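Hey, can you work out the whole structure from these sequences and the hints?
Taken in order, these protein sequences are the chains called A, B and C.
All residue numbers for the first sequence refer to the working numbering, where the first residue is 1 and numbers rise by one.
All residue numbers for the second sequence refer to the working numbering, where the first residue is 1001 and numbers rise by one.
All residue numbers for the third sequence refer to the working numbering, where the first residue is 2001 and numbers rise by one.
Errors might be hidden in some of the hints.
[Stated by the list, open to error] In silico EDC-like pairs for lysine to aspartate or glutamate, Cα to Cα no more than 16 angstroms straight-line: (1) B:Lys1439 / B:Glu1470; (2) B:Lys1402 / A:Asp41; (3) B:Lys1418 / A:Asp33; (4) B:Lys1422 / A:Asp253; (5) B:Lys1439 / B:Asp1456; (6) C:Lys2158 / B:Glu1265; (7) B:Lys1227 / C:Glu2090; (8) B:Lys1112 / B:Asp1169.
By construction, these hints were calculated from the structure, which means they are not laboratory data.
Model, not experiment: these values are computed from the prediction.
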Amino acid sequence: MRTLLRNRVALAFGALFVAIVFACLLAPVYAKDVAHTGPNDNHITETVNVGGKQVDVVSPTGVPIGPTWKGRFFLGADSNGRDVAVRLLYGGRNSLEIAGIATLITMLLAILLGTLAGYMRGIFDGVLSRLFDLVWAYPAVLLGVALGVALAVGGIDLGLFTLHSGSLLLPAFVIGIVFFPYVAKPLRAQALSLREREFVDAARVQGVGPLRIMLDEILPNLTSSIVVFVPLIIANAILLEAGLSYLGAGVQDPNPSWGTMLADGIRLIPGAIHLVLVPGIMLVLTVLSVNVFADGVRDALDPKATVRGRL
Amino acid sequence: MMGHRQVHRTIQASIGTLLTFMLVVGVSACGSSSTSSGKGPISVLMGTAPDSLDPGLGATTQSYEATWITYTGLVTYAHASGEAGTKLIPGVAQSLPTVTNGGKTYTFMLRKGLVYSNGAPVKASDFAYAIERAIKLGWGSESFLTENIAGAEEFQKGKAASISGIQTDDATGRITIQLVAPYGPFLNVLAFPAAGLVPSGTPMKSLGNDPPPGVGPYEIESVVPNKSFAMVLNPNWSKDAIPGIPAGHENIDVSIVSNNQSQAEQVLNNSADVFDYNDTIPPTLISQIESQASDRFAKEPTVSGLYFFLNTKEAPFNNARARQAVNYGLNRQALQRLDSGMLQPACFFLPVGMPGHPTNAPCPYGEPNAQPDLAKAKELVRQAGLEGAPVTVWGGSRAPHKEFIDYYTSMLNEIGFKATEKIVADAQYYATVGNLSNKAQTGFLSYSQDFPNPLDFYQLLDAQSILPTENHNLSQVNDPHIQSELASLGPIPSSQLSSVVPRWQALDEYTAKQAYLAVSGYEEVPKFFSDRINFGAAIFHPVYGNDWSSLELK
Amino acid sequence: MVAFVARRMGSLVAVLFAITVLTFLIFQAIPDGDPALRMAGRLASPQQVQAVRVQWGFDKPIYVQYAKTMEKVLDGSVISYSQQVNVEQEIVRDLPPTISLALGAGVIWLVFGVLFGLLSAVYAGRWLDRLLSVVALTGISMPVFFLGAIMLYWLGYKWGLLPLGGYVPLTVDPWGWFTHMLMPWVALSVVSVGVYSRVLRANVLDVMREDYVRTARAKGLSERRVLVRHVLRNSLMGIVTLWGLDFAWVIGGGAILVESVFNLGGVGQYAAQSIGRLDVPPVMVITMLVACAVVVLSAIVDIFYAVLDPRVRL
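Below, the structure written as structure tokens:
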């Protein structure tokens, strides 16, 4: 912890990430008080005052205005005359929410199943390891695309709960599933080796049940690994969501996300490049800040680990 | 060192030689117009590959652009721009048919002496073969054949070995077609390339990569699927073969370039000749083109409409005031901008260029080019007691239709409804809104003509078209006045259409007042060529777009 | 050795089977919706939908459906109904751009990843190292399609230095092939260069601390010789594994994202377009084939690993 606090660069980027999250959470405030428009309000045939002149928000041939650096249309407009800055913040809420929930799903599944497989061994391990290997062997983007496309039409009904096709939980669910083996396998390996240690043996001899052992002895020793993984998964989840939404297999219209905004912008190249730059730079800054912070965490907790940056 | 006089004379001599040379070459180049001038080939770009170049299969506009000048049927369209191009003229038949038996029997006589592009003679029985082939192959619009020609449905289901409703006599050249019931636009159906003649015995399988011989100014060769193909002047086509079908001028190389930006730039800098009218020119380029190349760019109207359907069987649009409010509130300028400026704002259901489009009537709910009357719209919603009424707006994911829906939803919210949009994958859109169990209240609707007969469009408002799935009448219109008009106007053959145009116009004005749809306008498409092409002489056909046989190099 | 290879092959086949089953389940067993309708596409007539239903066995139990699906895939007779095109033939036609993309990018990131990694390690702690670290980190944090779009806009449209996308076959015009592939290659490589240089840097620094390197230094070999001979050879294994996995990632994901931006017309773009059309047969076949290719690749890497290091063959 102290090592981390001494790493000023990591802390600075960590703070940047928190600032971005905060700004996105304040989207409604920005929309109401600064931009005076919502994320879905169209202003196609309106004009806005730029440098003393009244300029079309969207030109007669459909070209939207670039950044005005003023309250209204601070970062420009999109082809529907919507305020890009407002959509950026609302889209950020969605993108970050999905990444967060996906990370939660990944970590929960990985901790649960990885510990179970590593500690219980036998048939548990046999089945679970095969499952990990199968999902892990399947290329991440393709799996995400396949699941995303398949579920995009009708949603999914898992008995316990239903995810409708417009829900944000759907891409979160897909991403969570895609990433869990990347964490489950290392955790399993660790649980496997921890199992052979003396204090676990001692507990077993004393007659402590397996569930108690896993909770009291194994899990606490996995904490540092878990903490190292979390920012890594968050970063990759943000990127995978952007990729899936770009392809149309992630966030569905009309919900904005950084990925869908990028898709719209790339489609209009070479016109209106601000529609590509704005969500793109935001994405890079966010992921970069998570990655730098993740580096710092890893340095502090486990300097010898060579965890790969991208899954 | 040459003196001035000598230089002068040398130049004169050179010019003289040059002129003589050009004269000789020019004279020898004039002659039968079915040989190219040697300056070609013309390079045509397409954004999407034709679904198939086999006339019995192809059903997209890209496919028709190539096949209509390669496979001529009994009748075809006049090669002219605008409404003149909607006129049907005899093709491989000697003249327009005799229609008897209350509109159920069509009799043609085949022209004598016609040959295919491979030299084989054309027989009357080839027509029956071509129709059977189109049905066997599963042509996308085969229902026009199976629903109308007697015995065609039995043939399709495999219950009959041939189509009982078609009788041909190779000796006399007589062709007789029996219909199930009188169908006014039947001649238009016979003008489809799928009804174009191919030699009997042409294999009953997809020949998209090596299309069969046909009767027409061109033949299709060198097909590389999804990449390119060539239109070569038919050596066995004499320019007098069929009056009304001119010979082509140049060979044509067609390449698929799916990037619209790249396509437009190639035509702008003259490295390619023809831009695919089905594609959109990127908005930033349009201004550049309008200033730099205005002499070779024009916005051509097409007979296709962009609408929003308003389901008259579900709240809130079962209330006429709600529908009127939508029409008052619709900002067609906004939609025009979303369509890169290629939309002609309008309020009538039948587009310009379709016989029956009202030419003198005012729009009942505000002029299309003016700013919308949002205050009146809000007032109407309030009067109807529908403020806050929930509305789900349906749309497909393809741009710019999705953007239209984004705007439309925003407008509905502005006038007092509580609208949310539901975008589905483009491929599923019509299947989804066409399924009555989804109870779609409103959503995007676009329709392009199959042929220039208003009955084609009015099936969208025909109560008999309402089906539980694959429904086309999305507003679920069941209006007795419309039904009675359709019953009497429907069977009138296309050749007599001009006599009943005033009645169609009156019907269309009536439809506008009922506000069964919110009409955005009619799509315009770009006629955009390089400076090598004679722009004014090139025909833009109302049904098939760029008429490649009319393209000539300057 | 033989036993190891045999065992590896066995588990490979098992995984391939599992992948095909998983793909099948994802696409065919989606709740809600008539799979025949989905397969047949929008323009299908009721007869065509029925024909699809019979062909793919949708009216039969699920294991029969699976068998019929695999039969069609292995036969090369999967038809995309919305396009009337044989899917596998289309995939073969679209392979050259994808392979050019993967191989070219693979070479670039290997070379530059190793180069940057070595430079960072040699100059550890100094400004070059910090600069390369920043570059590496930014590369990892960037979505490939965003980078591709930015390059396309500036290098292509604004400054006209490179072509605006599209693919030119190597056999037709080698220089054209190169200029058209350059931006896609760089877009894909940036991510992996970042990862490689960081990993290699850590590996090299680790190995440099090892005893035998110090011994080698003591023996009087020059710094560079020490590096190249001992350090690189020992880092090789890590690099090989990483490269194999990354190559798999390009085919399995990077290609689908980058090809659309540059309109390369490869397998990835075909998959992306099919997704947009909700055209299921191509997406299913491509997913299956690519996943299998990836698994085979990692098996080859594993075997190669075992050849290099006997300790692995346990």
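Hints not upheld, ascending by number: 3, 5
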